[in-house]
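Chemist: All chains, full assembly: derive it from the sequences and hints.
Those protein sequences? They're chains R and W, same order as listed.
For the first sequence, the positions run 811 to 1035 when the working numbering is used.
For the second sequence, the positions run 71 to 367 when the working numbering is used.
Read the hints as simulated data drawn from the structure, not as lab findings.
For each residue, glycine too, the CB sits at the ideal point set by N, CA and C.
Watch out, some of these pointers could steer you wrong.
Each computed BS3-like pair below joins lysine-lysine, with the alpha-carbon atoms no more than 27 Å apart [as the list claims (entries may be wrong)]:
{"hint": "1", "chain 1": "W", "residue 1": "Lys354", "chain 2": "R", "residue 2": "Lys924"}
{"hint": "2", "chain 1": "W", "residue 1": "Lys354", "chain 2": "W", "residue 2": "Lys112"}
{"hint": "3", "chain 1": "W", "residue 1": "Lys354", "chain 2": "R", "residue 2": "Lys1022"}
Covered by chain W, according to a simulated footprint, are these stretches of chain R (three or more residues, beta-carbon under 8 Å) [stated by the list, open to error]:
{"hint": "4", "segment": "941-952"}
{"hint": "5", "segment": "973-986"}
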Amino acid sequence: MSTQAAPQVRAGERDEELVVRYSLGERVNHWIGALTYIYLMMTGLAFWSPYLFWLAIVVGGGPIARFWHPWVGLAFSASLFWTFGEWRRDMQVDDDDRAWAKAMPDYIENRDDKLPPQGRFNFGQKLFFWGMFYSVILLLLSGFSLWYTEALPWSLRYLRYLAILIHASVAMITIGLFLIHVYMSTILEEGSFGSMIHGTVTRAWAWTFHRKWYEQVKNNAQPGR
Amino acid sequence: MSQASTEIIRISGHAGSVPGEGLNREFRVCKLVDTTTCIGCKACEVACLEWNGYSFSETTFDNSYQTMPETAWNYWNLIKFNEHEREDGTMQLLMRKDQCMHCADPGCLAACPADGAIVQYANGIVDFQEDHCIGCGYCMTGCPFNIPKFSPTARKVFKCTLCNDRVSQGLEPACIKACPTGCLHFGTKIEMVELAETRAEQLRENSGFPDAGVYDPPGVGGTHVIYVLHDAKNPQFYGGLPKDPHVPISVRLWKGPLKWIGNLAMVAGIVGLAAHYLRFGPKKEETIPPDENGRRP
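Modeler: Shown next, in the form of structure tokens:
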């Protein structure tokens, strides 16, 4: 679209021009992280409760799940650390985020117009990201102890005792984060799921949910699909 | 108990004795290790390997007669040798046959996540079923005696079976069969405790071991392998035998409250998110209002 002056718009007209939200690399990495996390959650829940052991059966059986869970855990961690490298600046918490945190009930009750403007990621997404990031560090540390139980000698067995509690508790926290993330990005916020598939959102979507980010990218719009 | 209702103890108007009275209905088995008569010959170690089909492992020399530092996945029976200096300066060579204790309240079983990988029989034997083992190693964390061991080749965990295959056929375990001094005994739990207490009393009263006693730790519900020790107040002198073993508190928390809090939180989370959608519905994108010239911003 090459325009000297932006066209007239009527009230209520949808703005279908698209802006890029996630690069191809970011999307591929996201889905590697998503698939590895789902595998980890299924096999982890299988070891968590006998009533969920069938989750390990559907992905190959108990011994196979026990063998791959740590390796897939490493893959998930790698995916998350790459994300950290790419997004750590976008994930910094600023004053608008602190104001947003205070206004969180408005966000939960869908009064988004009352919220402070948000950058590329809103404070909720930042909470999700940092929650996952620190959880994965704890899961990795405790996970190594569960992976090679005997690597911790009998005299340090208290670390084994600590590790089983940390691994299970932190995994529960990540499942909570995962459930909220999946709910919000698939059925709650329209357009979010598509952005992680196609990589783009409409200008109106950016304006509605990420006003500060919209100001940065509004002039890079491309014709809609 | 089904057997209890077939055992008659009193009969009304009956002349003579009650048929079957006093029959031994105890079906819990027990191995008694009398450390005071063990000579450290290791016949039990060899018999264990022979019966269970393992070849002799490489030994580790550590300035002691002990074969290796601790039991291994293919070495379930190990005599622990400890030179102990008593308060009066005299030495004691303490020898304790180390193996699975077959706890009445087994920590390995509490920690195990695999269906059927560990079973406890009514006779008290706690047995690993390697067909069902997934090799996670949680049993090694649950055991207070450091007994289950992981085989890197099989990727499964192994330990002493109390020769369940022999006991179920009416035979005594292989180690008992091999013991030349009679320091190993096998029978019902009641008989073995009785025998152990008698031996401990003998040691206290006639042999100059005032602290002699029986090791049958109540913290794990009692065990189906019990020891007679010269010094029952200090079991830790006998190669790290824990004084008051318990299933680790973190295993209890993990398999108890944490599990139920976690399950509740997961279900509540899913219900809560569904309720949120029904109450507040989706977030829809809005239209960008035109600027003051009526143009797209």
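Chemist: For every hint, state whether the structure bears it out.
Modeler: Here is what the structure says about each hint:
The suggested pairing of Lys354 (chain W) with Lys924 (chain R) holds, with an alpha-carbon distance near 15 Å, which does not exceed 27 Å. Restraint check for Lys354 (chain W) and Lys112 (chain W): not satisfied, since their Cα atoms lie roughly 77 Å apart, outside the 27 Å limit. For a cut-off of 27 Å, the pair hint linking Lys354 (chain W) to Lys1022 (chain R) stands: about 18 Å separates their Cα positions. Judged by the Cβ-Cβ criterion of 8 Å, the segment 941-952 of chain R is not covered by chain W as claimed, because only 0 of its residues qualify and three are needed.
With a threshold of 8 Å between beta carbons, the proposed coverage of the segment 973-986 of chain R by chain W holds, since 7 of its residues qualify and at least three are required.
Of the hints listed earlier, those the structure fails to meet are numbers 2, 4, in rising order.
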